[in-house]
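Engineer: Each chain is listed here by its residues.
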Amino acid sequence: MHFPTVWLLSLIAFSVALIGVLAAWPGLTATRRGKILAFLVLFLLPLLCMAMGVSSEFERSKTTSFCLSCHIMASHGRSLYVDDSTYLAAAHFQNHRVPADQACYTCHTNYAMFGGFRAKLNGLHHVYVQYFGKPHDPIVLYEPYNNRECLHCHLGARSFEEGAVHTADPDLLPAVKANKVSCLSSGCHDVVHNVGQLNNVKFWKGD
Amino acid sequence: MTAAINELEKRLRLAGMLLIIGLLVEAVCLLWARPLAFILLVVAGGLLCISGIAVYLYSLVSVDQAASER
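Line by line, the protein sequences are chains S and H.
Note that this note's numbering gives residue 15 to position 15 of the first sequence, counting from 1, and the numbers run on in steps of one.
Note that this note's numbering gives residue 21 to position 21 of the second sequence, counting from 1, and the numbers run on in steps of one.
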């Protein structure tokens with residue numbers, strides 16, 4: 001358990017104890033000090049606990065282990081360890097081009113306005129489909145992958161802007177930047193997770 | 001006045017119980033690192049805590065009003 005969670009659990013335990021005292025002896029609130037204590041214990045502390053709890057859960061929901069805790073994601077998790085640099089997700093994960101502990105979120109969040117919020121809504125939809133619907137097998141994206149998510153990191157990078165293949169055709173980079181030519185499905189970087197082929201590949205035994 | 005104080009104490013107890021249950025739900029969700037825990041924390045924990053705070057705030061307003069009417 002990491003430190004912020006321990007700290008937050010301690011704060012919750014402290015709040016519950018104080019609330020318990022006030023609930024057991026509500027007469028304490030008759031005095032001025034009691035009223036201040038009640039405001040602190042029945043208003044400020046619960047609000048603080050809730051805000052910190054939601055914030056902590058939001059952060060945790062970005063972690064790779066959180067995404068892979070659903071059984072349906074297991075093969076996508078395995079694909080991160082494929083020992084083949086043409087596998088885009090594996091190459092990004094293993095070389096820390098994305099933070100390894102937030103690999104899924106980094107590539108699959110939406111970098112537009114309110115993108116983080118939309119990613120959380122999508123997460124709620126995942127849970128709904130998992131428990132009350134029928135998930136695709138294999139799972140598919142809700143909408144085609146947008147180049148914006150790649151360009152969030154690669155735009156302006158020398159390897160991207162001056163790469164031999166990228167500059168061979170002068171129309172290519174503007175089209176990629178305008179999301180008219182997909183990075184993934186135009187035949188350039190089209191090996192991403194490819195979970196259907198995991199039985200035929202070697203795996204990296206890294207951390 | 002005594003009836004109003006009893007009513008206030010009753011509401012404070014109710015607010016306290018709602019908040020305790022809400023915070024315990026939150027604690028369980030923090031320990032149980034699964035996607036369902038996230039939803040449980042936001043929906044159940046959040047609703048209980050907000051209800052508890054609302055009951056507490058309402059108790060302040062309603063008892064003041066009852067006292068002034070007397």
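It should be emphasised that the hints constitute simulated quantities derived from the structure, not laboratory data.
Be a bit skeptical, because a hint or two may be false.
What the hints assert, rightly or not - Some chain S residues close to chain H (C-beta under 8 angstroms, calculated; not the full set): (1) LEU8; (2) SER10; (3) ILE12; (4) PHE14; (5) VAL16; (6) GLY20; (7) ALA51.
Said to hold, decoys possible - Where chain H lies over chain S, by a calculated footprint (3+ residues, C-beta under 8 angstroms): (8) 100-113; (9) 152-164.
Unchecked claim - Pair ranges (Cβ atoms, derived): (10) LEU47/H / ALA157/S: 16 to 24 angstroms; (11) LEU121/S / TRP32/H: 50 to 58 angstroms; (12) ASN6/H / LEU141/S: 57 to 65 angstroms; (13) TYR111/S / LYS10/H: 17 to 25 angstroms; (14) PRO144/S / VAL28/H: 51 to 59 angstroms; (15) MET17/H / ARG148/S: 45 to 53 angstroms; (16) ALA74/S / SER62/H: 52 to 60 angstroms; (17) LEU31/H / LYS202/S: 31 to 39 angstroms; (18) ALA51/S / LEU31/H: 17 to 25 angstroms; (19) PRO170/S / VAL28/H: 54 to 62 angstroms; (20) ALA74/S / ASN6/H: 51 to 59 angstroms; (21) ASP84/S / MET17/H: 54 to 62 angstroms.
Heads up, the beta-carbon is just placed ideally off N, CA and C, and yes, glycines get one too.
Engineer: Each hint needs a verdict: does it hold in this structure or not?
Structural biologist: Hints, one by one, checked against the model:
1. Taken as an interface hint, LEU8/S checks out: its beta carbon lies about 6 angstroms from the nearest beta carbon of chain H, inside 8 angstroms.
2. Here the hint on SER10/S is broken, as its CB sits about 10 angstroms from the closest CB of chain H, past 8 angstroms.
3. Annotation: interface hint on ILE12/S holds; nearest CB of chain H at approximately 5 angstroms, less than 8 angstroms.
4. At about 10 angstroms, the closest approach between the beta carbon of PHE14/S and any beta carbon in chain H exceeds 8 angstroms, and the interface hint on this residue is violated.
5. Restraint check, VAL16/S versus chain H: the minimum CB separation of about 5 angstroms is within 8 angstroms; hint holds.
6. This hint holds: GLY20/S has a C-beta 6 angstroms from the nearest C-beta of chain H, less than the 8 angstroms allowed.
7. For the restraint placing ALA51/S at the interface with chain H, the shortest Cβ-Cβ distance is roughly 10 angstroms, beyond the 8 angstroms limit, so the hint is violated.
8. Remark: the segment 100-113 of chain S is not confirmed as covered by chain H, as 0 of its residues place a Cβ nearer than 8 angstroms to a Cβ of that chain, below the required three.
9. Only residues whose beta carbon comes within less than 8 angstroms of a beta carbon in chain H count, and the segment 152-164 of chain S has 0; fewer than three means the coverage is violated.
10. Between LEU47/H and ALA157/S the beta carbon distance is about 45 angstroms. The supplied range of 16 to 24 angstroms is therefore violated.
11. Restraint check, LEU121/S to TRP32/H: a C-beta distance of roughly 22 angstroms breaks the suggested window 50 to 58 angstroms.
12. Taken as a hint, the range 57 to 65 angstroms holds for the pair ASN6/H and LEU141/S, whose Cβ atoms sit roughly 59 angstroms apart.
13. Look at TYR111/S against LYS10/H: about 51 angstroms separates their beta carbons, and that is not inside 17 to 25 angstroms.
14. Taken as a hint, the range 51 to 59 angstroms is violated for the pair PRO144/S and VAL28/H, whose Cβ atoms sit roughly 39 angstroms apart.
15. Between MET17/H and ARG148/S the CB atoms are about 48 angstroms apart, so this pair conforms to the stated range of 45 to 53 angstroms.
16. Look at ALA74/S against SER62/H: about 54 angstroms separates their beta carbons, and that is inside 52 to 60 angstroms.
17. Between LEU31/H and LYS202/S the C-beta distance comes to about 38 angstroms, which sits within the given range of 31 to 39 angstroms.
18. Between ALA51/S and LEU31/H the Cβ separation comes to about 19 angstroms, which falls inside the hinted range of 17 to 25 angstroms.
19. Checked against the hint of 54 to 62 angstroms, the pair PRO170/S and VAL28/H passes, with Cβ atoms roughly 58 angstroms apart.
20. Between ALA74/S and ASN6/H the CB atoms are about 57 angstroms apart, so this pair conforms to the stated range of 51 to 59 angstroms.
21. Taken as a hint, the range 54 to 62 angstroms holds for the pair ASP84/S and MET17/H, whose Cβ atoms sit roughly 57 angstroms apart.
When held up to the earlier numbered hints, the structure conflicts with 2, 4, 7, 8, 9, 10, 11, 13 and 14 and fits the remainder.
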